[in-house]
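Q: Keeping their order, the protein sequence lines are chains V and U.
The first sequence maps to residues 656 to 868 in the numbering used here.
The second sequence maps to residues 370 to 597 in the numbering used here.
Everything labelled a hint here was simulated from the structure, so no lab data went into it.
Backbone N, C-alpha and C fix where the C-beta goes; we use that ideal spot for every residue, glycine too.
Some clues are possibly wrong.
[As the list claims (entries may be wrong)] For the chain V half of the interface with chain U, some residues (derived, Cβ under 7 Å), not all of them:
id, residue
1, L744
2, P833
3, G848
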Amino acid sequence: MAERGMKNFGAIAANPYSWPFDGVWSASDTALLLLGFQSGNIAALSAGPELEAAMELLEEAKKAGLTVVVARRGADPSESAVAARRRLLGDHVPARHSAEWALSDRLELLGDAILVDHGGDNAFFRTGLEDELRQRGVRNLLVTGLPTEGIVHATQRAANDMGFECLAVADACKGTSPLRHSAQLRITTFGNGLFGAVATAADVLAALTTFQE
Amino acid sequence: MTIPATGGFWPLGGPVSRAEIALIIIDMQVDFCAPGGWIDQLGEDVSNTRSVIAPIRHVLEAARAAEITVIHTREGHRPDLSDLHANKQWRTRVHGLGIGDKGKTGRILVRGEPGWQIIPELSPVEGELVIDKPGKSSFHRTELADELKKRGISRLVVTGVTSDCCVQSTMRDGFEYGIECVLLEDCTAAVETPNHKATIEILGAFGGRWGGVSDRAAFKAMLEMLDG
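Only chain V is shown next, with the shape it has when bound in the complex (with noise of 0.2 Å):
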């Protein structure tokens, strides 16, 4: 097992392999995702206990030192064509500063979270996320947030091309139904893992409070 300066979590318990694929995940190599916890969409979707979930994953993640990601969507003026083709289609994308932009109000964060405001779908685009990742030797990520066929499969996605290892917590993400939310994940994780694995946020707290040395 590599030695990376930190101690090493236990593996998760994840569909459809353990995760991470090789064993080693720390502090140190590992970040959670909280993407689109906005109050637009958490009423819309009444994500209530998705994001209580999420808070308690967040409390876990603070107190053992991993890296934090908030990544909020907003209407960006700057991307015409993506802002038209919402517009046109009725897929409401919130104002920035607005009061549905918002994050929850539950979300505290530290100091040093990485927060990211994007205009489509995928936090990483044009927004310098990757390279924050890499710089902080991050090549793990716990995947949460709304919608799941949006705004996380489409992050997780590429992450997964950029070669992070992901895993989306199932109960810490909603879609918008649960036709859509369990579809999305179940091609996740075709292919042993096409897009990563998929856990409960029980098996990830499991872990997380676990060592292996």
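Use these hints to put chain U onto chain V, whose structure you have.
A: Structure of chain U alone, referenced to chain V:
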């Protein structure tokens, strides 16, 4: 299937000149959809991915006749595998034959190998753009976005395999780049039908969050209406 809200092939509407449109055919390679290719060697069923060869051939011929830009993609890695992430290789090796390993069609998904080639039925012809991609998205670490910009292409008709994987990634990234994408439902497939159906449902929801979902008959009808 057309999008009722806008009544046409393009969710964002028209008019569109032929110079703005490209047909993209994703990863129709021996390893993914030919007998004896990688997926076939794994013992998985390639009948779904093979079922779209004739429909794609049909739209390819229509695109060539209409003289719109044609783009082919190939998923593959450099022979030294320097562009292959460790987790991607590990996940495929669990199946017994992973990316970079020697199979019956050469080294799996390695550039230049027989299995990596586009199937003969859909071979590119001179003047068509061929994009080599190391990831799932056709935009990830490729020249695709620059090429589209350079050529003034803002509309992408999406076909190929597999719908739940590289096709979905390409649609989503096209959206991020502000490219209007329309997927031809009868020109894409997945290894597992439930994943294909779920992909179509997700992509088609909300009038097409990341692009439209249509079919080859509507594509041909759209081409016939082009005048510019």
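Q: Give a verdict on every hint.
A: To see whether the hints hold, each was checked on the structure:
| no. | hint | result |
| --- | --- | --- |
| 1 | L744 | 4 Å, holds |
| 2 | P833 | 12 Å, violated |
| 3 | G848 | 5 Å, holds |
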